[in-house]
Amino acid sequence: MKKSLLALAVLGAFAGVASAQSSVSLYGTVDLNAKYVKNDGSARRYSLSQDGINSSQLGFKGIEDLGGGLKAGFVLLAGVNADSGTTNSQFFNRRATVSLMGGFGEVRLGRDYTPTFWNNTIFDAFGTNGVGDSSHVLQLPTATFVRANNSIGYFLPSGIGGVYGQFMAAASEGGTGPSLYGTTVGNNPGRYLGGRIGFAAGPFDIAAAYAQQRFQSGAAEQKTWNIGGSYDLGVVKLMGYFDRDTVGSFRENRFSFSGVVPLGQGEIHAGYDRSKLTGSGVDNKVDQFKVGYVYNLSKRTAVYTTYSHLKNGNVSRLSVSAAQTAAPTLGGKSSGAEVGLRHFF
711 MKKSLLALAV
721 LGAFAGVASA
731 QSSVSLYGTV
741 DLNAKYVKND
751 GSARRYSLSQ
761 DGINSSQLGF
771 KGIEDLGGGL
781 KAGFVLLAGV
791 NADSGTTNSQ
801 FFNRRATVSL
811 MGGFGEVRLG
821 RDYTPTFWNN
831 TIFDAFGTNG
841 VGDSSHVLQL
851 PTATFVRANN
861 SIGYFLPSGI
871 GGVYGQFMAA
881 ASEGGTGPSL
891 YGTTVGNNPG
901 RYLGGRIGFA
911 AGPFDIAAAY
921 AQQRFQSGAA
931 EQKTWNIGGS
941 YDLGVVKLMG
951 YFDRDTVGSF
961 RENRFSFSGV
971 VPLGQGEIHA
981 GYDRSKLTGS
991 GVDNKVDQFK
1001 VGYVYNLSKR
1011 TAVYTTYSHL
1021 KNGNVSRLSV
1031 SAAQTAAPTL
1041 GGKSSGAEVG
1051 LRHFF
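Start counting the sequence shown at 711; every next residue gets the next number (my numbering).
None of the hints are false.
Quick list of simulated restraints, FRET-style, between CB atoms:
1) Asn-963 x Leu-776: 38 to 48 Å
2) Ile-978 x Arg-755: 22 to 32 Å
3) Gly-812 x Gly-976: 34 to 44 Å
4) Ala-744 x Ile-907: 34 to 44 Å
5) Phe-1054 x Gly-869: 19 to 29 Å
6) Leu-973 x Val-1049: 13 to 23 Å
7) Tyr-737 x Phe-999: 30 to 40 Å
In silico DSS-like pairs for lysine-lysine, Cα to Cα no more than 30 Å straight-line:
8) Lys-986 x Lys-947
9) Lys-1021 x Lys-995
10) Lys-995 x Lys-748
11) Lys-1043 x Lys-1021
12) Lys-986 x Lys-933
13) Lys-1009 x Lys-771
14) Lys-947 x Lys-1021
15) Lys-995 x Lys-1043
16) Lys-1009 x Lys-947
17) Lys-947 x Lys-995
18) Lys-1043 x Lys-986
19) Lys-748 x Lys-1043
Honestly, the hints are just simulated from the structure, not real lab data.
Ideal placement from N, C-alpha and C gives every residue a C-beta, glycine not left out.
Using the sequences and the hints, build the whole thing.
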């Protein structure tokens, strides 16, 4: 929903920013659902939750035409806890960037999505939301799986024969390091260097990404590479990705395969995800099956339902919705279902 500069000035805190832009937009998403989760070792849990198929958020974006084909722009995107009306302590936690754009492409500064994240969400029929999120089987933690702070990014220009790409360097400025099965793999993660290159033409899309993340202390360095793709056959859109992460002696291989079947105004989503982690005496597998249905009431509003079932290996306690209840027992199972409503504005 676009706002005039006069209307946006009412927002006070954004008045100074808005006055300098050629155009400013206010937009967002509200996604709420009734959720059921059952983890082994815990009682079933019912709740009103959010972000079943899209992330609830509130965004501001603007662009200024500088002439000569050059433009400047910004995006400020805040996650919203729509079930309670609150926000996160890191207010613009989803994205906070300023850009310079032209025939050369785009240079972007700030908190942004990492190149290695995109194949995990674009090439999964469930994205990275809800009980069907393929990252539920992720066993190697990283502070920059989705986003990186303090980043400098470059995006290739459009119109170069279907080729697209993104490159990012992010400084380490006081992050918190992960611990894996009792082994500290480093601290202060954040110096991220990565890139992604892809090709899209008609129904076909494929992309590969690679990144390295350095840890301030210890010899551990996280290396990630992945490749993903999709092909739209009309009666079904197939998609999937493979991802490998290594940290020290640990190595995780993950893959996801899913599809979307259009049925009039509705869509059937189905998929399977698996990860295998090895290293330091660990050999652990995690599997997830998921199925869902989305019915589009309009271009902006949809109702949906999703079911997912996850099975842990002997040393993991992953869940389809870790925030809703206690984690499963070691090697336990986790099941969840959602029925919700999503609206874009």
